[in-house]
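Student: Sequences and hints are given; from them, build the entire structure.
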Amino acid sequence: MQAGSILVLCTVALTSEHGESRLLMPLIFLSERCLDHAMNLGHSPILFYASTLLSYLSLVAAKAERRGKSPRDRNVVAETVLYAVVGLAVVFFIVQDRVISLGGIAYVLSGYIFFLKMLPVIGDNEAILIGSLVGFYFCDICVNNNLSFDGGRESVLSLNAPGYRTSYTHIASRGVILCAIYIVILVSVLSRWCLIPTNKNSKSSRRRVSRKRISIVFWVSNAVVGAMLALLVSYQFRENVLRWLFAYFVSSRFRMWTLVCWFTLLPFAVYLVDVLSMQLRPSVRRKLFHFIGVVAFTPATMIDPPFMAFALSTAISLCVLVEVARYYNVYGSECISRFMSRHIDDREHIDGVVRTHIYLLLGFGISLMMRCRQLSIDGPPVPAIIELSINMIPGVVSLGIVDACAAITGSSLFLSSRRTLGRYLKNGLFTERANASITHKTTTGTLGGLVCGLVFWGVILAIAEVPITGPAFYSFTMIAVCTLTECFMDGVDNLQLPMVVLGAVNNLFALLLPVEGLWVNPAITQPNPTTARSMANALTSPWKSFPSPVSDS
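In our numbering, the protein residues as written are 1 to 553.
It cannot be assumed that every hint is accurate.
With a straight-line Cα cutoff of 20 angstroms, these simulated SDA-like cross-link-like pairs (lysine to any residue) come out [to be verified]: (1) K212 with S333; (2) K212 with L195; (3) K117 with L133; (4) K212 with R192; (5) K117 with L178; (6) K117 with A106; (7) K117 with I185; (8) K212 with S188; (9) K117 with Y328; (10) K212 with Y327.
Label pairs and their in silico Cβ distance ranges [stated by the list, open to error]: (11) I196 with Q279: 40 to 50 angstroms; (12) P381 with R253: 23 to 33 angstroms; (13) R253 with R206: 50 to 60 angstroms; (14) V295 with T469: 25 to 35 angstroms; (15) P197 with D490: 40 to 50 angstroms.
The hints are simulated quantities; they were obtained by calculation from the structure and are not laboratory data.
Glycine included, C-beta positions come from ideal geometry on N, C-alpha and C.
Tutor: In structure tokens:
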């Protein structure tokens with residue numbers, strides 16, 4: 001049923017502009033379902049069907065908007081019939097699988113509203129991706145609240161899909177993401193109250209946003225929304241969320257030292273890149289921040305994925321709020337604008353909303369946020385190679401290594417032998433009009449990204465003590481997938497590239513798990529002990545593992 005629904009969506013999605021973006025979230029959830037089926041987990045298909053329906057509705061809305069701008073469309077009748085048939089087919093599959101739920105409705109409604117609001121601002125390509133992610137978090141509120149036995153309120157257990165357990169870290173991560181979403185909505189609505197005339201003596205003069213008023217609105221919104229969500233999460237945890245956070249951090253030396261390094265070394269690294277790279281190309285300067293992300297995020301991604309997912313969720317929320325403050329010119333945001341003006345690419349403008357750094361953090365963490373949101377109660381232990389591949393390849397390897405090394409190699413090294421891909425691939429299939437990326441992507445850059453990605457992944461497997469045999473050997477094909485995707489992608493690569501690779505990694509292991517001959521080596525089937533401990537720690541309240549200060553008499 002699920003494969004059928006994605007096939008009928010493909011019939012119209014791939015023939016439309018930016019159709020591939022509409023397929024990313026449904027394909028990710030479909031690949032998750034394939035991997036779950038191979039591991040006998042049996043999770044609900046709600047997210048897959050909801051994302052498919054949202055993609056279809058966004059396709060219809062975008063097509064209607066373009067038709068409104070171009071009324072002379074000869075194929076309007078044929079397209080209307082085709083879209084109606086596809087829509088009925090998708091709804092039929094949803095009814096047949098009996099997955100109509102409150103979570104699915106929340107996904108479609110919230111995602112569709114965000115898509116319509118953001119479509120004229122950031123375009124069709126980005127609007128559907130952001131709308132799908134927003135819908136995912138609103139759906140998650142309704143289907144993912146099954147905390148472990150020592151915590152959680154019975155009043156929210158009805159909003160839950162059975163079969164797995166929700167981690168404390170995911171509830172906290174979801175809280176900070178939703179906090180940013182609610183603040184963005186609140187500030188954008190209340191900004192109309194902040195409009196004042198440019199010329200006080202003329203009622204018809206152009207209106208502008210009062211800096212004083214919008215600053216008050218911004219900070220009050222932060223305080224009110226933050227306090228309300230903290231109370232709601234505390235109610236769900238059965239304890240103060242700030243107390244839980246403190247206990248979660250101090251219960252692990254690794255987390256404490258990681259936080260110390262992030263707060264001390266990361267600002268210093270950003271300062272050095274900003275000062276010492278003034279003579280480099282802008283594209284190379286931006287990719288240096290990818291390397292900072294690799295160094296900062298790789299240890300935590302390998303050792304404590306739930307902690308890394310929470311940290312990246314918090315960083316994304318803070319970046320969104322900082323960008324809102326900068327966009328509305330809140331007091332104190334000028335220095336941020338001056339810094340960012342030196343690092344934005346040609347597709348963005350400093351007077352608008354700069355999204356590249358937000359997409360970069362989201363790309364680094366998308367696989368972790370998806371993977372760590374729910375843990376199986378009775379499922380078998382997950383082999384280390386599967387955990388490493390899902391956690392590392394879509395974000396750290398694809399964005400931090402392959403994409404960055406390809407850009408640096410292609411624009412700065414081997415310039416005498418530099419050739420664009422369009423020179424070799426220009427034919428009836430790979431036309432420059434259909435594949436704009438081949439006009440500026442180079443063969444040297446593509447090969448450089450591939451080689452660096454293979455070497456880095458080999459080093460990661462060696463550090464994790466995973467033998468390069470069986471499924472570990474096949475995991476190197478995902479580096480080629482990263483390279484090819486980066487090569488032919490001309491959209492929002494910081495967001496689209498990790499999504500494509502995440503779906504590919506899930507499908508790879510869904511195909512490899514049934515092949516018993518690949519898993520005969522005990523070293524391959526063993527789980528990562530540090531990851532297993534971090535997962536178990538994320539399922540419990542840290543205070544309960546502390547020794548009692550009062551000894552029994």
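Student: Just pull the numbers of the violated hints for me, sorted ascending.
Tutor: Those not satisfied: there are none.
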